[in-house]
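Asker: Sequence:
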Amino acid sequence: MIASPSRNAKRLRRALVRGVLVALVFGAAASPARALDAAATAAPAPAAPVVPPRVEIKVLEILPHDRSVFTEGLAFWNGRLFESGGEYGKSTLREVDLATGKTLREVKLDPRFFGEGMTILGGRIYQLTWQEHTCFVYDAATLRKLTQIKYDGEGWGMTSDGHALIVSDGSEVIRFRDPATLATKRSIRVIYQGKPVTMLNELEYIDGRIWANVWRTNFILRIDPADGRIIDILDAAAVYPQNLRGPDVDDVLNGIAYDAKTRNIYITGKRWPQMYKVRAP
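Going by my numbering, the sequence shown opens with residue 31, and the numbers climb by one from there.
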């Protein structure tokens with residue numbers, strides 16, 4: 031079977047880091063330090079190396095999830111769950127019933143756009159696109175498109191601290207962007223043992239920390255938004271074990287949502303059949 035153009039494009043774009051990704055995937059369960067070493071670049075930073083503690087994520091509840099969705103972002107607003115799905119010709123923004131996984135409302139993106147990370151701020155939904163340098167803005171109550179904003183760089187993950195849009199682009203840099211213009215207000219570099227960590231993807235802001243999914247791994251990093259320091263490493267390998275997943279290497283952990291009303295945290299992955307309510311100390 032020939033892979034879709036969108037999937038091929040992403041794979042070719044990351045061909046130079048294939049060896050790194052293999053180390054991430056197969057080294058994850060045995061050694062988070064070794065796997066993150068592979069994701070870090072070779073040039074050491076001035077700071078003394080510090081190994082963040084490893085924490086296993088505990089599953090509290092298993093819920094259904096639409097397996098057809100190439101999940102790029104999750105977010106709650108007023109107790110309602112929204113999801114951004116990717117791939118060219120299949121990208122969507124949806125409101126989802128948490129209990130059933132069914133779509134309640136949906137906006138389909140033009141086939142020219144690859145939907146990426148998404149967050150909600152001030153009653154507005156912001157949805158990134160991968161390489162189209164365009165952020166779509168919707169009314170959260172109606173899903174009516176309000177405007178679109180151009181920005182520099184690739185779009186990967188996005189969250190908000192209530193003031194800025196916090197955006198990843200696949201590098202070690204996380205940018206805090208103005209929600210009106212998407213201009214960068216400040217940025218941080220994510221550091222592991224004195225080295226920058228790349229492949230940061232889906233983001234969520236929870237209790238003053240940035241949670242960042244490391245693409246094609248079972249790790250979620252909890253990051254200090256002030257300086258990019260990794261506070262600890264959340265290991266989600268046991269949440270949806272590798273032997274139960276599909277054969278596609280892109281069907282990986284991706285999707286973190288925090289419901290501020292209930293203080294519950296949910297995670298899922300691209301084309302995963304379930305969503306998980308989880309706890310991490």
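Think of the hints as simulated: they come from the structure by calculation, not from any bench.
Any given hint could be a false lead.
Unchecked claim - Within a straight-line C-alpha distance of at most 25 Å, the following computed DSS-like cross-link-like pairs (lysine-lysine) qualify:
no., residue 1, residue 2
1, Lys215, Lys180
2, Lys175, Lys307
3, Lys307, Lys88
4, Lys180, Lys138
On a predicted model such as this, the values are computed, not experimentally measured, just so you know.
Asker: With reference to the structure, classify each hint as holding or not holding.
Answerer: Status of each hint after checking the structure:
no.	hint	in the structure
1	Lys215 <-> Lys180	15 Å, holds
2	Lys175 <-> Lys307	30 Å, violated
3	Lys307 <-> Lys88	9 Å, holds
4	Lys180 <-> Lys138	19 Å, holds
Going down the numbered hints, you'll see the structure goes against just number 2.
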